[in-house]
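K.L.:
Sequence:
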Amino acid sequence: MIATTEVQLMILLVDDAPTNIQVLNEVLRDNYRLFFATSGRVALRLIAESPPDLIILDVIMPDMDGYEVCRALKANALLQDIPIIFITSMRQQEDEVIGLELGAVDYITKPFNPAIVRLRVRNQIELKRQRDLLARLSNLDGLTGIPNRRALDANLDREWRRCQRSHKPLSLIMSDIDHFKNYNDTYGHLTGDDCLKTVSSTLQNILERPGDLLARYGGEEFIALLPETDAHGAQLVAGKMLQAITNLALPHAGIQPLEQVSISIGVATILPKRAASSTRLMEAADQALYQSKQAGRNRISTWMDTAATDA
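Using my numbering, the letters of the sequence shown map in sequence onto residues 918 to 1228.
Rather than coming from a laboratory, the hints here were simulated on the basis of the structure.
Nothing here was measured: the structure is a model prediction, and the numbers come from that model.
Please note that the accuracy of each hint is not assured.
As the list claims (entries may be wrong) - Distance windows between CB atoms, simulated:
hint, residue 1, residue 2, range
1, Thr1196, Ser1006, 48 to 56 Å
2, Asp1074, Gln1160, 14 to 22 Å
3, Asn1122, Arg1066, 19 to 27 Å
4, Ile977, Asp1110, 56 to 64 Å
5, Glu1125, Leu1165, 15 to 23 Å
6, Pro1168, Gln925, 40 to 48 Å
7, Pro1028, Leu1051, 46 to 54 Å
8, Ala994, Arg1053, 50 to 58 Å
9, Leu1165, Met981, 52 to 60 Å
10, Met981, Leu1051, 41 to 49 Å
For glycine and all other residues, C-beta sits at the position ideal for the given N, C-alpha and C.
Given the sequences, and given the hints that come with them, work out the whole structure.
P.N.:
So, in structure tokens, the structure goes:
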């Protein structure tokens, strides 16, 4: 019986001989989604457009052989973790050593043994699943289940570079639960954990676009990363966040006269430039958050680097 998740996995078959692709297609098509390339350069283009879960790659091809394709993939930070199985008619150990040293995970020799092909592909797919699961778990906050600081840093770096290329603004919303230490002292840490989970899920629900990210930055602090969002758009999102937490009406006797949980928010917007650093955006949001706290909390302060917003 085929697992439904396995059907969705994608494998790229790369071989300049259509007959070899046809044989592999017959062996694997019932278990995986397959797509094909008959040259190394076409394969690299397809991989960049839609990265597969596994690549089965012929070594000997004209123009660009499998080793060259493998080197190009391993040099690309976004593609280097895709597992590669080489297919070849060569049986010399030194040829296998070359491929494994380049980063391939296994070899399949021609003529193909269908049972061996299925087993080796299945083993590598299962290993990739485990790696992907560990990677996802390492990027999630254990309490709230939302992305953690590690995930935020990676996404901020990626979106910074992307907005540099597209000349689009990048916004960041930094929020902090007001007097949270007092909340823990009053209601206990278990209730405090429940508060963190409720606040995080509420803030998460405000973000509607797939590219937006909410992360737990640390303690009672949360950050929303909003790619291609100008200052006005970020302020609208921040306003919805502030109102949503107010609407929760979670009791907090330590806040007078409100007597309910509230958040302070700092909003920062920058048009990234190649000479600038994403650190400036974080510092700006933190500065705006500090202003909100100094002004009495339960409010929004904004900051915009005018020197970096000229297109």
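K.L.:
Per the hint of 40 to 48 Å, is the separation of the Cβ atoms of Pro1168 and Gln925 within bounds?
P.N.:
holds (45 Å)
K.L.:
Are Asp1074 and Gln1160 spaced within 14 to 22 Å by their CB atoms?
P.N.:
31 Å Cβ-Cβ, so the 14 to 22 Å window is violated.
K.L.:
Honestly, do Leu1165 and Met981 meet the 52 to 60 Å range at C-beta?
P.N.:
holds (58 Å)
K.L.:
Mind checking the hinted window 48 to 56 Å against the Cβ distance between Thr1196 and Ser1006?
P.N.:
Roughly 52 Å apart at Cβ, these two residues keep to the hinted range, so it holds.
K.L.:
For the range 41 to 49 Å, tell me whether the beta carbons of Met981 and Leu1051 fit it or not.
P.N.:
violated (33 Å)
K.L.:
56 to 64 Å was suggested as the range; check whether the CB atoms of Ile977 and Asp1110 agree with it.
P.N.:
holds (58 Å)
K.L.:
Is the gap between the beta carbons of Glu1125 and Leu1165 within 15 to 23 Å?
P.N.:
holds (19 Å)
K.L.:
Lying within 46 to 54 Å: is that true of the beta-carbon distance Pro1028 to Leu1051?
P.N.:
violated (36 Å)
K.L.:
For the pair Asn1122 and Arg1066, does the Cβ-Cβ distance stay inside 19 to 27 Å?
P.N.:
For Asn1122 and Arg1066 the Cβ distance comes to about 21 Å; the hint holds.
K.L.:
Lying within 50 to 58 Å: is that true of the beta-carbon distance Ala994 to Arg1053?
P.N.:
The hint (50 to 58 Å, Cβ to Cβ) is violated, given that Ala994 and Arg1053 are roughly 18 Å apart.
Violated hints for the displayed structure, listed by number in ascending order: 2, 7, 8, 10.
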